[in-house]
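Participant: In case you want the letters, here they are:
There are 2 protein chains.
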Amino acid sequence: MTMATPKSAIAHIISVDAMGGDLGPAAVVAGLSKSAQKNPDIRFILHGPQDQLVPLVAKRKLARRCEIRHAEGVVKMDDKPSHIMRHGKGTSMWSTVEAVRNGEAAVAVSCGNTGALMALSMVRLRKVEGVNRPAIACLWPSRNAGGFNVMLDVGADVRADEQDLLLYALMGASYARNGLDLKRPRIGLLNVGTEEHKGSAVMKVAHELIAKAADAAEFEFVGFVEGSDIPSNRVDVIVTDGFTGNIALKTGEGTAGFIRDSLKDAFKATPLSRIAALLAMTSLRRLTQRIDPRRVNGGVFLGLNGTVVKSHGSADALGVTSAVKLAYQLAQSSFADKLAARVASATSLAQGVGEQTETADSESAQK
Amino acid sequence: MTMATPKSAIAHIISVDAMGGDLGPAAVVAGLSKSAQKNPDIRFILHGPQDQLVPLVAKRKLARRCEIRHAEGVVKMDDKPSHIMRHGKGTSMWSTVEAVRNGEAAVAVSCGNTGALMALSMVRLRKVEGVNRPAIACLWPSRNAGGFNVMLDVGADVRADEQDLLLYALMGASYARNGLDLKRPRIGLLNVGTEEHKGSAVMKVAHELIAKAADAAEFEFVGFVEGSDIPSNRVDVIVTDGFTGNIALKTGEGTAGFIRDSLKDAFKATPLSRIAALLAMTSLRRLTQRIDPRRVNGGVFLGLNGTVVKSHGSADALGVTSAVKLAYQLAQSSFADKLAARVASATSLAQGVGEQTETADSESAQK
Numbered sequence: 001m002t003m004a005t006p007k008s009a010i011a012h013i014i015s016v017d018a019m020g021g022d023l024g025p026a027a028v029v030a031g032l033s034k035s036a037q038k039n040p041d042i043r044f045i046l047h048g049p050q051d052q053l054v055p056l057v058a059k060r061k062l063a064r065r066c067e068i069r070h071a072e073g074v075v076k077m078d079d080k081p082s083h084i085m086r087h088g089k090g091t092s093m094w095s096t097v098e099a100v101r102n103g104e105a106a107v108a109v110s111c112g113n114t115g116a117l118m119a120l121s122m123v124r125l126r127k128v129e130g131v132n133r134p135a136i137a138c139l140w141p142s143r144n145a146g147g148f149n150v151m152l153d154v155g156a157d158v159r160a161d162e163q164d165l166l167l168y169a170l171m172g173a174s175y176a177r178n179g180l181d182l183k184r185p186r187i188g189l190l191n192v193g194t195e196e197h198k199g200s201a202v203m204k205v206a207h208e209l210i211a212k213a214a215d216a217a218e219f220e221f222v223g224f225v226e227g228s229d230i231p232s233n234r235v236d237v238i239v240t241d242g243f244t245g246n247i248a249l250k251t252g253e254g255t256a257g258f259i260r261d262s263l264k265d266a267f268k269a270t271p272l273s274r275i276a277a278l279l280a281m282t283s284l285r286r287l288t289q290r291i292d293p294r295r296v297n298g299g300v301f302l303g304l305n306g307t308v309v310k311s312h313g314s315a316d317a318l319g320v321t322s323a324v325k326l327a328y329q330l331a332q333s334s335f336a337d338k339l340a341a342r343v344a345s346a347t348s349l350a351q352g353v354g355e356q357t358e359t360a361d362s363e364s365a366q367k
Numbered sequence: 001m002t003m004a005t006p007k008s009a010i011a012h013i014i015s016v017d018a019m020g021g022d023l024g025p026a027a028v029v030a031g032l033s034k035s036a037q038k039n040p041d042i043r044f045i046l047h048g049p050q051d052q053l054v055p056l057v058a059k060r061k062l063a064r065r066c067e068i069r070h071a072e073g074v075v076k077m078d079d080k081p082s083h084i085m086r087h088g089k090g091t092s093m094w095s096t097v098e099a100v101r102n103g104e105a106a107v108a109v110s111c112g113n114t115g116a117l118m119a120l121s122m123v124r125l126r127k128v129e130g131v132n133r134p135a136i137a138c139l140w141p142s143r144n145a146g147g148f149n150v151m152l153d154v155g156a157d158v159r160a161d162e163q164d165l166l167l168y169a170l171m172g173a174s175y176a177r178n179g180l181d182l183k184r185p186r187i188g189l190l191n192v193g194t195e196e197h198k199g200s201a202v203m204k205v206a207h208e209l210i211a212k213a214a215d216a217a218e219f220e221f222v223g224f225v226e227g228s229d230i231p232s233n234r235v236d237v238i239v240t241d242g243f244t245g246n247i248a249l250k251t252g253e254g255t256a257g258f259i260r261d262s263l264k265d266a267f268k269a270t271p272l273s274r275i276a277a278l279l280a281m282t283s284l285r286r287l288t289q290r291i292d293p294r295r296v297n298g299g300v301f302l303g304l305n306g307t308v309v310k311s312h313g314s315a316d317a318l319g320v321t322s323a324v325k326l327a328y329q330l331a332q333s334s335f336a337d338k339l340a341a342r343v344a345s346a347t348s349l350a351q352g353v354g355e356q357t358e359t360a361d362s363e364s365a366q367k
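Protein sequence lines, in the order shown, are assigned to chains A and B.
Position 79 of the first sequence, counting from 1, maps to 79 under our numbering, and the rest follow consecutively.
Position 232 of the second sequence, counting from 1, maps to 232 under our numbering, and the rest follow consecutively.
No wet-lab data here; the hints were simulated from the structure.
Quantities reported herein were computed from a predicted structural model and do not represent experimental measurements.
A few of these clues could be false.
Which copy is meant is left open, because identical chains are indistinguishable; a pair holds if it fits in one copy or across any two.
Unchecked claim - Capping the alpha-carbon separation at 25 Å, the derived lysine-lysine pairs in BS3-like fashion look like this:
1) K183 to K89
2) K80 to K198
3) K264 to K127
4) K204 to K59
5) K34 to K204
6) K76 to K204
7) K198 to K76
8) K127 to K198
9) K61 to K325
10) K61 to K34
11) K76 to K183
12) K61 to K38
Make the full structure from the sequences, and use the hints.
Facilitator: See the structure below:
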């Protein structure tokens, strides 16, 4: 983390949308306060209505570390992405993305409407050259050493062809390297079986393309993986189209919620089990934390000229601070530049230029 | 349950494949023994190598209730479906399906290779007229009054167009009525959001078709549902294509397994939590049973001239008896005939004949 390049000056600045979350700006500012305590160098640009934000920031004593940028409008959860894309100027979300576009902040964070945030980010930041469909990557609690797998796309687009899936593999590998500190991530392609003849024609071609790219892009390709492998230690990055990924993500959340509720009921069932629940409280709290969506809060938009972290709409202070933590790690590792270099090298590889080795080395060396 | 029609004579006979499960024929025969104890009228035709089956059946004192039909060959888990379709004659799986085709048994049960079982069933039983793609329906633990939702297709085919999804809705409604005793099942279409503008063009057209069919087919259409709704009480039958359904199913299983393991670890963490685990044992066992895949063991193939229940490959005696229980319930309700009538009425409705009301009434009346 040297200060030599001009870019590293903004590697400490996170652009944050104060509005659009279910719990309002107070929860967001409370989250920033937690992040500020843990990271002495972090700074924020906070976007939203000045009259609401000034007292909140003053209350948390953040005034010296947080620049407030006034924006009157708020993107609502039911606003259509296409509408915001055309008429979103003046909203806090637009302003948040704009700070990254202008090079004033390294990463943008918002708890607002996902579709609108993706649409705005596409229009203002533009896609990295060589990327047809950007993707949203999420973290998934797993049996891995680090405790998390990455899955993408979980909902940026409902379609993906074989080329898109190849790019998801490349971008996912880059994200795992920079966001999860995995030198040589294991990539799996989500399918209905692990045998090579399974699935549609697109799956088979994608399997081939990703296998071919593995060496140059410094990841290990474990081939097809199944839904049951998502929380496993077989794989670090799970590649799939946005329709399937979104449904898998929400199915996992729904199943975890169902079991959590059933567990609560089980502990209420008898007087003995109530006592048991008291005795096991610490251990159970540790388990709940492990599968708590607030602690893995942050979908990352990949494939744009600039990094955007989407926090859960219902994020409280803890959720916001988790999203900011991820944003800060990505900011400090110059992730956006590395990802663009990685995609460019893959594109030139496909065109037979073959300069990928140097780029790959430079990504590792910068770490 | 009248004995008046000739068909009801075979409504007590289940055709069972003894081979192909991970635990071998002993587990299957042990499962049949449990089922026989619970249902005094049930009878079996059991398929597999005679020399292995005779002693197992004798040991469980099932000889008077179980006809053994000799079949030398066994379909293995890694056999390709296309190979079995052409060369599967003489296997226990083929023989099991054949007994349903010949009208000797009402429902077939197998723990073997799913792809091969579906391929064989397609070739020997043939699709119901009006059905393009048959589907596999599974039960999913949920917050419903009955404790389970139905999801289909979970892997018969990796594709489904809007017409297929409409037929899945009709077949799923019929299954919920006959397998889960729900008079007016609530049907949902799995998508990446609940708003009507979400998802692909196929989703939008399928939404329209299913909404139009709801009244005549006596189900309630709740519109789009998300992955998080699968274990909810919002819906009884979740309709999706086989690729998405298979991945959702295995993601749910994987998530449940991950939480179960984490819970075990949590209880081992401290001496206090070990004591707690002992105290809460009964309550925890109840929870584990609720989410135990063996107790919801049985995917049902829908859309064929005859009913086939696919049990989990790893099913033990409890798993086999759960699959047989489901098979027996479907056998007793003449499910296959009702489903065919339902599809036929929908087809004639689409052609403007409009005789669906009578057929719908007859399905309810027969219950």
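Participant: Take the hints in turn and mark each one as holding or not.
Facilitator: Comparing the hints with the structure gives:
{"no.": "1", "hint": "K183 to K89", "verdict": "neither (40 Å within a copy, 51 Å between copies)"}
{"no.": "2", "hint": "K80 to K198", "verdict": "between (37 Å within a copy, 10 Å between copies)"}
{"no.": "3", "hint": "K264 to K127", "verdict": "neither (45 Å within a copy, 45 Å between copies)"}
{"no.": "4", "hint": "K204 to K59", "verdict": "neither (56 Å within a copy, 48 Å between copies)"}
{"no.": "5", "hint": "K34 to K204", "verdict": "neither (46 Å within a copy, 44 Å between copies)"}
{"no.": "6", "hint": "K76 to K204", "verdict": "between (40 Å within a copy, 24 Å between copies)"}
{"no.": "7", "hint": "K198 to K76", "verdict": "between (42 Å within a copy, 17 Å between copies)"}
{"no.": "8", "hint": "K127 to K198", "verdict": "between (32 Å within a copy, 22 Å between copies)"}
{"no.": "9", "hint": "K61 to K325", "verdict": "within (19 Å within a copy, 65 Å between copies)"}
{"no.": "10", "hint": "K61 to K34", "verdict": "within (11 Å within a copy, 69 Å between copies)"}
{"no.": "11", "hint": "K76 to K183", "verdict": "neither (39 Å within a copy, 39 Å between copies)"}
{"no.": "12", "hint": "K61 to K38", "verdict": "within (15 Å within a copy, 70 Å between copies)"}
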